[in-house]
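Sequences are here, hints too, so could you generate the full structure?
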Amino acid sequence: MTLVAWTIGILMFWPILWTFLTSFKTEQDAVLMSQLFSTGWTFENFGIVQERSDYLRFAMNSVIIAFGSTLLCLLFAIPAAWSMAFSPSKRTKDTLLWMLSTKMMPPVGALLPIYLIFKEYRLIDQHIPVLIIMFMLNLPLVVWMLFTYFKEIPVDILEAARMDGAGIWQELSRVLAPMALPGIASTFLLNVILAWNEAFWTLKLTDVHAAPLTVFIASYSSPEGLFWAKLSAASTMAIAPILILGWFSQTQLVRGLTFGAVK
Amino acid sequence: MATRHSQGLARLAVAPSVIILFLWMIVPLVMTIYFSFLRYNLLNPDIGGWAGFSNYYYFITDDSFPGAVLNTLLLVASVIAVSVIGGLGLALLMDQPFWGRGFVRLLVISPFFIMPTVSALVWKNLLMNPIYGLFAYLQELVGLTPLDWFAKVPLLSVAIIASWQWLPFAALIILTALQSLDEEQKDASAMDGARFFSYFRYIMLPHLARPITVVILIETIFLLNIFAEIYVTSVGGLAGNLTYLVYFQGLLNFDIGEASAGGLIAVVLANLVSIFLVRVIGRNLEI
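Heads up: the protein sequence lines correspond to chains A and B, in order.
If you read the first sequence in this note's numbering, its first letter stands for residue 1, the second for the next number, and so on.
If you read the second sequence in this note's numbering, its first letter stands for residue 1001, the second for the next number, and so on.
Just so you know, these hints were derived from the structure itself, not from any lab.
Check the hints yourself; a few may be wrong.
Distance condition first, Cα-Cα at most 25 Å in a straight line; then the derived SDA-like pairs of lysine to any residue [unchecked claim]:
{"id": "1", "chain 1": "A", "residue 1": "Lys151", "chain 2": "A", "residue 2": "Phe86"}
{"id": "2", "chain 1": "A", "residue 1": "Lys93", "chain 2": "B", "residue 2": "Phe1276"}
{"id": "3", "chain 1": "A", "residue 1": "Lys93", "chain 2": "A", "residue 2": "Pro79"}
{"id": "4", "chain 1": "A", "residue 1": "Lys119", "chain 2": "B", "residue 2": "Val1267"}
{"id": "5", "chain 1": "A", "residue 1": "Lys103", "chain 2": "B", "residue 2": "Leu1012"}
{"id": "6", "chain 1": "A", "residue 1": "Lys93", "chain 2": "B", "residue 2": "Leu1012"}
{"id": "7", "chain 1": "A", "residue 1": "Lys119", "chain 2": "B", "residue 2": "Phe1254"}
{"id": "8", "chain 1": "B", "residue 1": "Lys1152", "chain 2": "B", "residue 2": "Val1142"}
{"id": "9", "chain 1": "A", "residue 1": "Lys119", "chain 2": "B", "residue 2": "Leu1252"}
{"id": "10", "chain 1": "A", "residue 1": "Lys119", "chain 2": "B", "residue 2": "Leu1043"}
{"id": "11", "chain 1": "A", "residue 1": "Lys93", "chain 2": "B", "residue 2": "Val1268"}
A short list of chain A residues far from chain B (calculated; beta carbon distances all over 12 Å) [what the hints assert, rightly or not]:
{"id": "12", "residue": "Thr26"}
{"id": "13", "residue": "Thr42"}
{"id": "14", "residue": "Leu56"}
{"id": "15", "residue": "Gly68"}
{"id": "16", "residue": "Leu75"}
{"id": "17", "residue": "Ile128"}
{"id": "18", "residue": "Trp169"}
{"id": "19", "residue": "Leu172"}
{"id": "20", "residue": "Arg174"}
{"id": "21", "residue": "Leu181"}
{"id": "22", "residue": "Pro182"}
{"id": "23", "residue": "Ser219"}
So the derived label-pair ranges between C-beta atoms look like this [said to hold, decoys possible]:
{"id": "24", "chain 1": "B", "residue 1": "Arg1011", "chain 2": "A", "residue 2": "Asp156", "range": "31 to 41 Å"}
{"id": "25", "chain 1": "A", "residue 1": "Leu226", "chain 2": "B", "residue 2": "Phe1222", "range": "58 to 68 Å"}
{"id": "26", "chain 1": "A", "residue 1": "Glu224", "chain 2": "B", "residue 2": "Leu1023", "range": "36 to 46 Å"}
{"id": "27", "chain 1": "A", "residue 1": "Pro223", "chain 2": "B", "residue 2": "Leu1141", "range": "17 to 27 Å"}
The beta-carbon is built from N, C-alpha and C at its ideal position, and this holds for glycine as well.
Here you go:
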């Protein structure tokens, strides 16, 4: 059992592991299977990639877009999810389901108007407009995730705090905030991952100046002689930060992506 | 104690998100509908006016349309089949106790966190390259002729990449559901074969019906819109789906009218699925 499970695990992980290993090889070794664990380890690919395609700028753009849009999502979603969880009305359920349905709209339904608006007002390849698109794209998911977390905070505890004479400020800072923070943190993490990997709008709406890592990698799509080690180095640099974040968030992933339908 | 005051405050807190999402959904959609009835080509700014349904007619009778629909459906169906069946198997395996389970779980879930452009290029080059790729090497090892994946079976190649990305998602969700079952039921691994089978058939599968439904619906929505994998591997002409065709007509041929008509066809298609998903999730939602 152990052996079967490990074999499958390694097979699934193999493309990632191999990319990682290849990124430390010379271009000559990279294409030779016999040189799987080549002896000529080198860091030069990373330097070449940085010099050739300016990795740091794309990485910075990814950080700005992913983190910025997520923060903006939280800013709007926390009050919304909070009030829906703690003082729901008759329409709360419909509102939530309607928000969900906006997430299901295929991007091609909005691509042409958005693209033309971006072109008309010279918004293409600008940070803020892309960040706002990403914000609107992920807002429903963030509201939903936060809602399922806030829903689990027992309301009784508030009454108990009030009985003990806690004021509204103490109520918020001592009782509610500590209980809400883990949920907010998980939501934040998952949404950063999703925004980091989003590769429809970013490929269409950015080019160089505001382009994130998805576009940086796409520039390696045309084959050019021996370039696997460089491709691998670029890939490793693009996925490593988010893969590590992903490992930390994997238990929250299910709840976030199934809109609370599976816990 | 929900006073009128706090109800008003609650509405005020929800309003900004609702307004933004409403605008995000309705403005582009209305514009797309409007464009789809116009003669609107960026290369011919002189030609304009009302087009009636001709954009729909041209989009549907385009030579690429039947192929694009077929590719879309095949891609969705095959990736879902692989990820549900494989995911069920993986989840059952990961639910057993074995040494290093947490670590193996990390390995299995990892492909889901890889950005689509990276997965596509790594698979296309390092694994599926007909000369230097790992698959070519393995095929030669057993005496077969290496297959030129993206030239000979482009759709299958894209489906393999997408399956690799979505299998972990299905496995993780089914595993989560299994573990909530384990807490209620006794340890399945302690049973013999026959008892395990009836346990699987009569207790496990019914319990898993809903998570599997959710996996199928969510994956359908994402897979209908798959784009980056087709775009960066340059197989749009061979294995393009509806999303790619809309992109092609609009942003490469600059025929906004026709592309908008195609976009609306994709919206209708996606809505057929999302109605079911919203229902499944809504049934489970307690306010």
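Q | Those earlier numbered hints the structure runs against, lowest number first | A | 16, 23, 24, 25
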